[in-house]
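Participant: Sequence:
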Amino acid sequence: MYRSLLAGHRVVLDSPGIFADGVAVKQVGELPFNLCRKYVDEIVRVSTDELCSGIKAVYQATRSIVEPAGALGMAGLLKYVRKKKIRGQHLVAINSGANMNFERLRYVAERTMVGEEMEALFAVTIPEMPGSLKRFCHDFVQERNITEFNYRLRDRGSAQIFVGISIRERAERDLFSQKLEEKGYQHIDLTDNDLAKTHIRYM
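In the numbering used here, the protein residues as written are 1 to 203.
Among the hints, erroneous ones may be present.
[As the list claims (entries may be wrong)] Listed below are the simulated SDA-like cross-link pairs for lysine to any residue, each with C-alpha atoms no more than 20 Å apart in a straight line:
hint, residue 1, residue 2
1, K134, T147
2, K38, Y2
3, K179, I161
4, K26, A69
5, K85, E42
6, K84, V23
7, K183, E172
8, K38, L6
9, K79, V23
10, K26, C36
11, K85, R168
12, K134, G157
13, K85, E117
14, K183, S158
Everything labelled a hint here was simulated from the structure, so no lab data went into it.
Please model the entire structure based on the sequences and the hints provided.
Facilitator: Structural data, given as structure tokens:
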């Protein structure tokens, strides 16, 4: 819908996302498009992680589990509130579906922390030698909780670690990356990388 409103006509997508499959359409309907053009003031786009946070927010408030498409309104509202710094107002989000597969709950729970900016994920190269992992943890982990950890030997001289750390705000993620840079560690911030979050953490 966002791209269609931007273009001024109903756009046909090559490959719509499948996580929120209840709203994943190649082309929006003519009636919804015309109604949105007439009445919608703004569209808030959300990521998969933010959708998962929306599912959690609904569960915490009502003990109901909604599907990703059903949580779209809540996820958008939460993002809108953060963006506009809204306080002390009554706001409404419409739940449009509760057809959740039980098997998806683990995936949702794992993605929620990133959606709430409470987890950061990094791939870091460290020397393959005694004490290097201990040194890394001492220099960077310290009081932080480790949410994810995988260690893979890359070659005789180096190893690749996939590490998730708990954070309280986005600034901590940037600071962690900066400290890695200062200490000379090759690293990649994978927090926003869907491929890493969907597959690498399970390898």
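Participant: Is the hinted pair K38 and Y2 satisfied, with a Cα-Cα distance of at most 20 Å?
Facilitator: Distance of about 14 Å is within 20 Å: holds.
Participant: Holds or violated: K179 and I161, Cα atoms, limit 20 Å.
Facilitator: Holds. K179 to I161 sits at ~16 Å (cutoff 20 Å).
Participant: Is K134 close enough to G157, meaning Cα to Cα at most 20 Å?
Facilitator: 16 Å, holds
Participant: Are the Cα atoms of K85 and E42 separated by 20 Å or less?
Facilitator: Holds: K85 and E42 sit about 16 Å apart, inside 20 Å.
Participant: Sort out whether C36 lies within 20 Å of K26, counting only the CA atoms.
Facilitator: 17 Å, holds
Participant: Check the hint pairing K26 with A69 against an upper bound of 20 Å on the C-alpha distance.
Facilitator: 15 Å, holds
Participant: Would the pair K84 and V23 pass a check requiring their Cα atoms to be no farther apart than 20 Å?
Facilitator: Outside the cut-off at roughly 25 Å; violated.
Participant: Assess, step by step, whether the Cα of K183 is no farther than 20 Å from the Cα of E172, and give holds or violated.
Facilitator: Holds. K183 to E172 sits at ~17 Å (cutoff 20 Å).
Participant: Is it true that the CA of K79 sits at most 20 Å from the CA of V23?
Facilitator: Distance of about 19 Å is within 20 Å: holds.
Participant: Just to be careful, I want the Cα atoms of K85 and R168 compared with a cutoff of 20 Å; is the pair within it?
Facilitator: 18 Å, holds
Participant: Is K183 close enough to S158, meaning Cα to Cα at most 20 Å?
Facilitator: Holds, at roughly 16 Å.
Participant: Quick one, are K134 and T147 close enough, alpha carbons at most 20 Å?
Facilitator: Holds, at about 17 Å.
Hint compliance for this structure: hint 6 alone is broken.
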